[in-house]
Structure formats: C-alpha cells, structure tokens
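Sequence lines, in order, name chains A and B.
One gets the working numbering by counting positions in the first sequence from 1 and adding 1 to each.
One gets the working numbering by counting positions in the second sequence from 1 and adding 2 to each.
None of these hints come from the bench; they were simulated from the model.
Bear in mind that the values here come from a model prediction, so they are computed numbers and not experimental data.
Take the hints with a grain of salt, since some may be wrong.
[What the hints assert, rightly or not] Examples of chain A residues toward chain B, derived with CB under 7 Å:
| hint | residue |
| --- | --- |
| 1 | Thr89 |
| 2 | His118 |
| 3 | Pro143 |
C-beta atoms are modelled at their ideal positions from N, C-alpha and C, and glycine is treated no differently.
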Amino acid sequence: MTESVSSASTRLPTIADVFNRGRETGRAALIPYVCAGFPDADTSLALLREAAEAGADVIELGIPFSDPLADGPTIQRAAFRALEAGMTVNGALTLLRQFRVDHDTPVVLFTYLNPIHRYGMDRFVEAARDAGAQGLLITDLPAGADPALESAVRTGGLDLIRLLAPTTTPARVSRVAEGGSGFLYYISRTGVTGARTELRTELAREVEAIRARVSLPLAVGFGISTPEQAALVGGLADGVVVGSALVEAVETGGVEAGGAFLRSLREAMDRRE
Amino acid sequence: MTTSQAHTHSDGADQAATSSARFGPFGGRYVPETLIAALDELEEAYREALSDSDFSDEFQALLRDYVGRPSPLTRARRLESEVGAGPIYLKREDLNHTGAHKINNTIGQALLARRMGKERIIAETGAGQHGVATATACALFDLECVVYMGAEDVERQALNVFRMELLGAEVRPVDSGTRTLKDATNEAIRDWVTRVEDTHYIIGSVVGPAPFPRLVRDFQSVIGQEAREQILELEGRLPASVVACVGGGSNAMGIFHPFVNDADVRLVGVEAAGEGIASGHHSASLSAGRPGVLHGAMSYLLQDEDGQVAPAHSISAGLDYPGVGPEHSFLKDSGRAHYVAVDDERALAGFHRLAELEGIIPALETAHAVAYLLDEGPREAREGPVVLCLSGRGDKDVAHVARAEGRGSLL
Numbered sequence: 002m003t004e005s006v007s008s009a010s011t012r013l014p015t016i017a018d019v020f021n022r023g024r025e026t027g028r029a030a031l032i033p034y035v036c037a038g039f040p041d042a043d044t045s046l047a048l049l050r051e052a053a054e055a056g057a058d059v060i061e062l063g064i065p066f067s068d069p070l071a072d073g074p075t076i077q078r079a080a081f082r083a084l085e086a087g088m089t090v091n092g093a094l095t096l097l098r099q100f101r102v103d104h105d106t107p108v109v110l111f112t113y114l115n116p117i118h119r120y121g122m123d124r125f126v127e128a129a130r131d132a133g134a135q136g137l138l139i140t141d142l143p144a145g146a147d148p149a150l151e152s153a154v155r156t157g158g159l160d161l162i163r164l165l166a167p168t169t170t171p172a173r174v175s176r177v178a179e180g181g182s183g184f185l186y187y188i189s190r191t192g193v194t195g196a197r198t199e200l201r202t203e204l205a206r207e208v209e210a211i212r213a214r215v216s217l218p219l220a221v222g223f224g225i226s227t228p229e230q231a232a233l234v235g236g237l238a239d240g241v242v243v244g245s246a247l248v249e250a251v252e253t254g255g256v257e258a259g260g261a262f263l264r265s266l267r268e269a270m271d272r273r274e
Numbered sequence: 003m004t005t006s007q008a009h010t011h012s013d014g015a016d017q018a019a020t021s022s023a024r025f026g027p028f029g030g031r032y033v034p035e036t037l038i039a040a041l042d043e044l045e046e047a048y049r050e051a052l053s054d055s056d057f058s059d060e061f062q063a064l065l066r067d068y069v070g071r072p073s074p075l076t077r078a079r080r081l082e083s084e085v086g087a088g089p090i091y092l093k094r095e096d097l098n099h100t101g102a103h104k105i106n107n108t109i110g111q112a113l114l115a116r117r118m119g120k121e122r123i124i125a126e127t128g129a130g131q132h133g134v135a136t137a138t139a140c141a142l143f144d145l146e147c148v149v150y151m152g153a154e155d156v157e158r159q160a161l162n163v164f165r166m167e168l169l170g171a172e173v174r175p176v177d178s179g180t181r182t183l184k185d186a187t188n189e190a191i192r193d194w195v196t197r198v199e200d201t202h203y204i205i206g207s208v209v210g211p212a213p214f215p216r217l218v219r220d221f222q223s224v225i226g227q228e229a230r231e232q233i234l235e236l237e238g239r240l241p242a243s244v245v246a247c248v249g250g251g252s253n254a255m256g257i258f259h260p261f262v263n264d265a266d267v268r269l270v271g272v273e274a275a276g277e278g279i280a281s282g283h284h285s286a287s288l289s290a291g292r293p294g295v296l297h298g299a300m301s302y303l304l305q306d307e308d309g310q311v312a313p314a315h316s317i318s319a320g321l322d323y324p325g326v327g328p329e330h331s332f333l334k335d336s337g338r339a340h341y342v343a344v345d346d347e348r349a350l351a352g353f354h355r356l357a358e359l360e361g362i363i364p365a366l367e368t369a370h371a372v373a374y375l376l377d378e379g380p381r382e383a384r385e386g387p388v389v390l391c392l393s394g395r396g397d398k399d400v401a402h403v404a405r406a407e408g409r410g411s412l413l
C-alpha cells in the first residue's frame with residue numbers, strides 16, 4: 002500500500018494525520034464538497050474558508066467539467082454555473098493557493114479526467130501540489146482503468162483517493178484499496194449525487210463488509226443531507242462527505258447558510274454519543 | 003457468424019487495463035466505479051454468447067426474418083455518370099426495418115440483455131434513429147424502454163418521438179448542457195449508474211466504455227461481411243474504396259471491419275464539417291479534435307484549451323456529437339483509414355443529388371458520404387469499384403431539410 006507521503010516535505014497536515022487523529026479521539030471527519038467558481042470565484046473562496054472554520058477536516062474542491070456524468074442535478078447546476086462564470090483548472094488552483102494563505106485544512110481536488118488529461122497529468126499533479134493540494138479524486142478514473150495515470154498521481158506526491166460502490170465486488174474492494182491512499186470514498190447508495198431523505202438501511206452492513214477487507218480510513222458520501230444522517234454515518238465510518246446539500250444551502254442562503262449547515266452537521270456528529 | 007470477429011476475453015478482473023478494452027491507446031473504461039461490475043457482467047455475457055451457437059442462430063434468424071437482411075448492394079449507374087467514374091455500389095442499410103443500420107445493434111444487444119436477465123432498457127438518441135431501433139427491439143422482446151433525447155432534438159424530431167412512443171417507449175427530454183446527443187448520453191449514463199442492477203444500456207454507436215465499442219462493431223460488422231461477399235460475387239474482386247459517414251462511427255466500423263485486413267482496400271470516413279472547420283461549428287472530432295476522455299473512452303474529442311468538451315454542430319443530428327468511437331481514432335493514427343470532413347452545404351447538395359439521380363433519399367448523415375463521392379469519386383474509383391455505405395434513409399430529414407431551405411411552410 003502506498004502510504005500518504007504528500008506533505009512529508011511541508012508542515013501542512015496530511016490526510017492521514019487527520020484520520021489518525023480522528024481514530025484516536027473517536028471523531029469522524031467532516032468532508033464538504035465545494036465547487037470551485039460556484040457561484041463565482043470569490044464566493045467559492047469564501048466558502049472554502051467558511052467550511053474550514055465550520056469544522057471541516059478535509060475539503061473536496063471540485064474542478065468543474067462540462068460533462069459531469071457521475072453527478073446529480075444539483076452539482077451539475079453548480080458546475081455549469083461555475084464554467085459560465087469563467088472557472089478553469091488554473092482558476093481552481095489559484096483559489097486553493099489563496100485558501101492556503103491562512104488555512105491548513107487538507108484539500109482533495111475532485112474532478113473528471115479530461116480537464117486533467119488536457120492539462121497533462123504530470124504537470125497537473127505538480128501544480129496541484131504547489132498550490133497546496135493533498136489528494137486527487139478523479140470520478141471517471143476507476144481503480145485499474147489506467148495504471149500509468151494513477152501512478153503519476155502517486156509518484157507526484159498526491160494521495161490517490163479511490164471510490165467504492167455498492168456494486169463493487171468483494172474481491173475488487175481489496176484491489177481498489179491496495180492502490181489507494183489517504184482514504185477510501187464509499188458511495189453510500191447506488192446512484193449519482195443528490196440529497197436523499199433516507200440513507201440506505203443496509204449502510205451499516207456494507208461499511209462493516211468493507212472494513213473487514215481494508216485498513217484505509219473509509220469516508221461515506223453521496224446523499225447525506227441532514228444533521229441526523231451525518232451523525233448516523235459518522236457513527237459508522239471514519240468520514241462523512243456532504244456535497245449536494247451544501248450546494249443547495251449556498252444557493253438558498255449564500256456562504257453564511259453553507260457555514261451554518263456545516264456547523265449543524267458538525268455538532269450532530271460530535272453529539273452522537 | 004456476425005460476431006465471430008470479436009476478440010474479447012475476460013479474466014473477471016480489472017479488464018479496463020487489458021488489451022481487449024483498448025485499440026492502441028484509445029478506448030478503455032473511464033467510468034464511475036458503480037458501473038464496473040455491470041461492464042464486467044456485460045463482457046462476460048458477450049463472451050459466453052459468442053461461443054453459444056443458439057445465440058448466433060437466433061441473431062442471424064432475426065436479422066434475416068425481422069430486419070430483412072441481407073441488404074442489397076445496388077449499383078448506382080446514374081451517380082457513376084454524374085461522377086464520371088465507377089463502378090459505385092450502395093450498401094442499402096436504408097432498406098432495413100426502421101430504415102437504418104441501427105437495428106443490427108439493437109437486436110443484438112436486446113438479445114444480450116435478455117440473456118443477462120435485465121428487463122429494463124435505456125438508450126440515448128440524437129436524431130431518433132437509434133431510439134426508434136431500440137424501442138423496436140424492446141417491443142419485440144417485451145422489455146421496458148426509456149430513451150433519453152436532448153430537448154432540442156425532441157423539438158427538431160417530433161415525429162421520431164411519437165414513433166418511439168407508438169412502440170411503447172418512454173422518451174425523456176434532457177434539458178442540461180447543449181440539450182443534444184452528448185447530454186442525452188450523459189443522462190443515460192446517470193440513469194444506468196442509478197439502476198444498474200436491473201437495467202441494460204443499449205448504447206447506439208461504437209463509443210462508450212469497453213466492451214461497448216467492440217460489441218457494437220461486431221453486431222454492425224454484418225454490413226461489411228455482406229458487402230464483401232456481394233462485391234466479390236458481382237465484380238470478382240474487392241473494392242478499391244469503402245466510404246461511410248462517421249459521427250460516433252457505427253455504420254463505418256460495421257462496414258470497415260471486415261475489410262481492415264485487406265490492405266489494398268482504402269477505408270474513408272466522412273465527418274461533418276458543419277459550417278466549416280474554420281468556423282469552429284462542426285462535428286469533425288477526428289479531423290479537428292485531439293485525444294481526450296468522454297463517455298467512458300479515450301478517443302479524439304472536440305474540446306477547448308481547458309479540457310471542457312466543445313459543443314458540436316452539424317445539420318445532421320446523428321453526426322452532432324463531439325466524440326467518436328475509439329477504434330476510429332486507432333485507425334486514423336495507424337493510417338489504416340482516412341478521415342475527411344464535408345460541410346452542411348455540401349451534405350445538402352448530396353442529399354438532393356442522390357434523390358434525383360438514384361431515386362433514393364438518403365439520411366442527412368449518409369448525405370455527407372454521398373457528397374464526398376460527388377467530389378472525390380474519380381479519385382476513389384481510379385483503382386476499382388467503390389462501396390458507399392448508405393446507412394439510412396432520409397424520410398426523417400425531409401421536414402428538417404425543407405425548413406433549412408426556407409420551405410417550412412410546406413409542413
């Protein structure tokens with residue numbers, strides 16, 4: 002297994018640091034998704050800062066793509082709006098650099114392969130590291146699909162965050178985990194992202210089945226929209242990812258509402274005992 | 003048998019990295035993790051079907067008795083006179099049931115879906131031809147059918163929407179992005195991610211993640227196998243050139259594939275140049291794009307400097323797609339096939355000329371290949387006969403052409 006080496010040469014905390022600390026204290030990580038450039042660059046930078054201050058342990062910073070085929074309507078809407086407002090790959094890295102001036106919360110860049118492929122994988126990984134990223138999650142680069150690209154992520158010093166789905170076979174779960182680092186991201190329901198009122202009832206069983214096979218920290222996401230759900234998932238997994246519901250909060254009430262929403266999740270997760 | 007050309011092998015593990023998933027550097031499986039198991043299942047079902055004579059017997063019988071194959075190879079003598087060269091033959095996919103080559107693939111995939119026990123089918127469609135062919139196969143096999151179609155195409159092709167509904171399919175308009183085929187494909191993939199356990203996605207061209215490009219090519223290669231036998235019988239020799247239009251590229255791959263090992267047969271794919279390559283409003287992925295990843299495969303792609311997919315344009319909705327099948331990218335880079343582009347205006351001229359000269363109204367997609375031959379026929383026919391894949395009939399385009407020519411008041 003490739004352990005996280007991403008920040009060995011800097012004083013920024015690594016993703017592994019966050020989860021190690023969480024495991025010691027029994028505290029699940031809160032992992033919000035922020036779409037770079039939604040609704041505009043300045044607002045998304047403000048949201049990054051607000052998320053860190055509201056108790057985010059790791060932040061997924063989305064680089065918008067024209068064809069987000071793994072995302073539901075809410076995140077599609079955010080991505081299209083960000084692109085219309087002029088967001089680019091370099092624009093997203095600039096936001097990250099600005100965030101790094103006063104925040105050390107680990108950041109995972111979250112995107113699709115084509116913008117990175119066009120940028121050049123090696124060049125992108127280097128630029129992302131320079132800007133202060135710790136990890137990279139590419140939605141349409143499943144484990145094993147392109148070993149050369151995946152190894153470029155790892156040798157470039159970023160954690161390669163891999164996805165698991167309810168449809169991932171048990172044998173494949175182990176293979177996915179072997180090449181990943183930082184944490185594994187379990188898609189809690191078969192489907193694209195979008196707030197759901199109910200999480201799958203089998204979640205506990207699914208998480209246990211994965212845990213039996215892997216040692217990397219396990220974050221769960223895709224569909225978490227209420228403090229109760231966050232607390233439930235936080236009690237089962239090492240991390241809770243929240244995406245669409247945060248976008249919706251920002252759409253309704255701006256950065257302030259986004260921060261309040263994250264605080265409500267954080268409080269519920271901390272209170273669950 | 004039609005599918006005997008396949009080289010798919012499954013070891014049940016991470017097949018995306020294996021050679022069967024790729025054509026040189028192109029193809030692969032760039033999809034959300036959720037779909038990996040379904041693609042493995044499909045690959046396995048297809049591999050088993052290939053070695054099952056009952057499957058190929060049933061497929062062949064349906065192609066003969068339901069689709070109406072073999073389709074004729076028609077000599078186009080007046081077109082030859084116009085071009086001043088020949089012989090030129092038309093492979094008449096327009097005479098298939100539903101009026102285009104699309105049905106070859108949908109029958110094959112519906113048989114696979116039934117084999118896998120999947121009772122719900124989804125598909126994407128641009129002009130509506132693949133949607134109609136999918137709805138047709140689903141009616142025949144009693145499968146639930148949902149077709150995603152860009153909202154703009156729903157408006158442009160209202161008749162095909164009604165046709166799909168008559169066949170029992172549900173048509174879902176897609177309002178996101180460019181509201182055309184690209185976005186309909188995104189939405190079909192999203193649906194599949196959500197309902198992968200009970201749903202099979204009948205993709206309409208030689209695009210998408212492995213094993214789709216190979217599987218669709220194999221089902222379509224009946225076109226080239228028949229054409230090869232027919233021309234050998236009629237002319238006693240192989241053609242000098244085989245010409246086909248290319249959007250995603252399924253009719254072209256279908257007719258090219260059985261000729262790929264015949265080194266002396268020139269393979270020419272004709273893309274849509276829209277308002278001209280220089281205008282930026284076109285669909286010529288191979289002629290003017292660069293390698294990238296869309297809809298699960300690495301292939302030539304229209305994209306901007308930042309890796310965002312660029313909107314495609316063509317007068318023909320079936321070619322209005324920014325990507326192309328990965329095997330075409332491989333054939334381009336290897337030099338085995340040649341790709342050219344024909345603009346909207348020339349395609350319209352080709353549409354008219356074939357109607358006037360041969361009494362055949364071609365699909366606007368096909369009209370691009372006709373237009374190419376009108377200009378380059380003498381060169382293509384210099385060394386021997388030319389076979390043009392007449393991929394579909396143009397009834398669906400009559401209203402659109404009338405509007406494009408300012409005669410919308412007729413309708």
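_List of violated hint numbers, smallest to largest_ = none
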